[in-house]
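K.L.:
So the chains spell out like this:
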Amino acid sequence: AQSVTQLDSQVPVFEEAPVELRCNYSSSVSVYLFWYVQYPNQGLQLLLKYLSGSTLVESINGFEAEFNKSQTSFHLRKPSVHISDTAEYFCATLNTGGFKTIFGAGTRLFVKA
Amino acid sequence: DTAVSQTPKYLVTQMGNDKSIKCEQNLGHDTMYWYKQDSKKFLKIMFSYNNKELIINETVPNRFSPKSPDKAHLNLHINSLELGDSAVYFCASSQGSKGGPSKNIQYFGAGTRLSVL
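So the protein sequences, as listed, match chains A and B.
Be aware that the first sequence starts at 1058, since it is given in our numbering, and climbs by one per residue.
Be aware that the second sequence starts at -12, since it is given in our numbering, and climbs by one per residue.
With the rest of the complex left out, here is chain B (with noise of 0.2 angstroms):
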């Protein structure tokens, strides 16, 4: 029983097109984020949602935009893809953003390799 899952695995799709990655966690955490990995593998927060509040929102264009139903679920939005989106972004959760350093250990899903044609 998969602790974080992200849907699809791959997403090929056409520039311009809008597109929705899903994530769920069953570890029972309040804190959810997603990440964008390059091909150089640098690894880059975009945002961050705490018991369904936004935490952490970096410097990402308004073309993506994060929903959180309920704790347990994180989706990602992106509108108007660009060859510039195309990378593996992952989902990761933890159990707190606060309370200590150990309920920050991140639990990431497998990733969604995306690529923009």
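Excised from the complex, chain A in its bound form (with noise of 0.2 angstroms):
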């Protein structure tokens, strides 16, 4: 069955630093992949997908994560980040039947000044 692991639960980072979130799936069927991104006091939006086609995807407020088979992880990095990027962030993807969204537990991108 398919599953995503993030493998930390809160990530403190300095403002202008990088980050790296990290996110492992498993599945044995095609692999669909997304970060939501859930602003405090807000539902969740979809921050970047990856269906097909090239392995590095990037979102419009800088962000990118890249899909590597091999290590099963689809990681979210960001070169340099800001207050603004204090969210949790979730990894998914979907079941089987690929009528149900899996989430991760998410994580707490903490942005200091």
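Take the hints with a grain of salt, since some may be wrong.
[Unchecked claim] Covered stretches of chain B, going by a simulated chain A footprint (3 or more residues, C-beta under 8 angstroms):
hint, stretch
1, 47 to 53
2, 56 to 69
[As the list claims (entries may be wrong)] Simulated pairs of lysine-lysine, DSS-like, Cα-Cα distance not exceeding 30 angstroms:
hint, chain 1, residue 1, chain 2, residue 2
3, A, K1126, A, K1106
4, B, K23, A, K1106
5, B, K6, A, K1106
6, B, K27, A, K1157
No lab work stands behind these hints, which were simulated from the structure alone.
Even glycine gets a Cβ: it sits at the ideal position worked out from N, Cα and C.
With the hints as a guide, bring the two chains together.
P.N.:
See below:
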């Protein structure tokens, strides 16, 4: 069965430092992977997705993630974070039938001044 | 114009009461969902409807009953509220439950924070 594991529950980082949020997936079939972001007191919103094609995907606000099949990973990175990036980040995939989104436990990114 | 809207935003009530949360989406999507997010931010799917038909019904107490009067609305009714029901409940929608992974991208409401005293 498909699943995702987020290896860090919290990641504190200073402003303008680089960050990596780790996600590993488990799947025996086609892999579809997503990162969602949840800002304080809001619902989740899609940050970026890998469905097929280029293994490096980017968001409009400077985040990128790379699908790595050999390491079964989809880590999220940003070279320089801002205070406004403070949020909860969820890695997600789809179940075998493709009709249910399976979310990881979330990683809280806390950017300090 | 909010895409997925839920009401109320906050709900404070006593144990044993019955309450409802409403959700509406104006995206023209076919599929809607209810999720429960606990205090540790863990997100658990509860129900999903596709064109008013129940397609996901996870292990949830039968005190929780979803109702979808049309594909733009999915309400959640909770009977005999318990302390453990305190959480943030999110409604979400997607284009469809089938037809490819891009149709499963979820659009979330802002959440309803339920506190049971």
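K.L.:
So, for every hint listed, does it hold in this structure?
P.N.:
Taking the hints in turn, this is what the structure says about them:
Beta-carbon proximity to chain A at under 8 angstroms applies to 0 residues in the stretch 47 to 53 of chain B; the threshold of 3 is not reached and the given coverage is violated. Remark: the stretch 56 to 69 of chain B is not confirmed as covered by chain A, as 0 of its residues place a Cβ nearer than 8 angstroms to a Cβ of that chain, below the required three. About 15 angstroms separates the Cα atoms of K1126(A) and K1106(A), which keeps this hinted pair within 30 angstroms; it holds. Of the pairs offered as hints, the one joining K23(B) and K1106(A) holds, with about 23 angstroms between alpha carbons and a cut-off of 30 angstroms not exceeded.
Distance hint between K6(B) and K1106(A) is unfulfilled; the C-alpha atoms sit about 36 angstroms from each other, more than 30 angstroms. A hinted pair counts as satisfied when its Cα atoms are at most 30 angstroms apart, and K27(B) with K1157(A) qualifies at roughly 22 angstroms.
Hint compliance for this structure: hints 1, 2, 5 are broken, all remaining hints hold.
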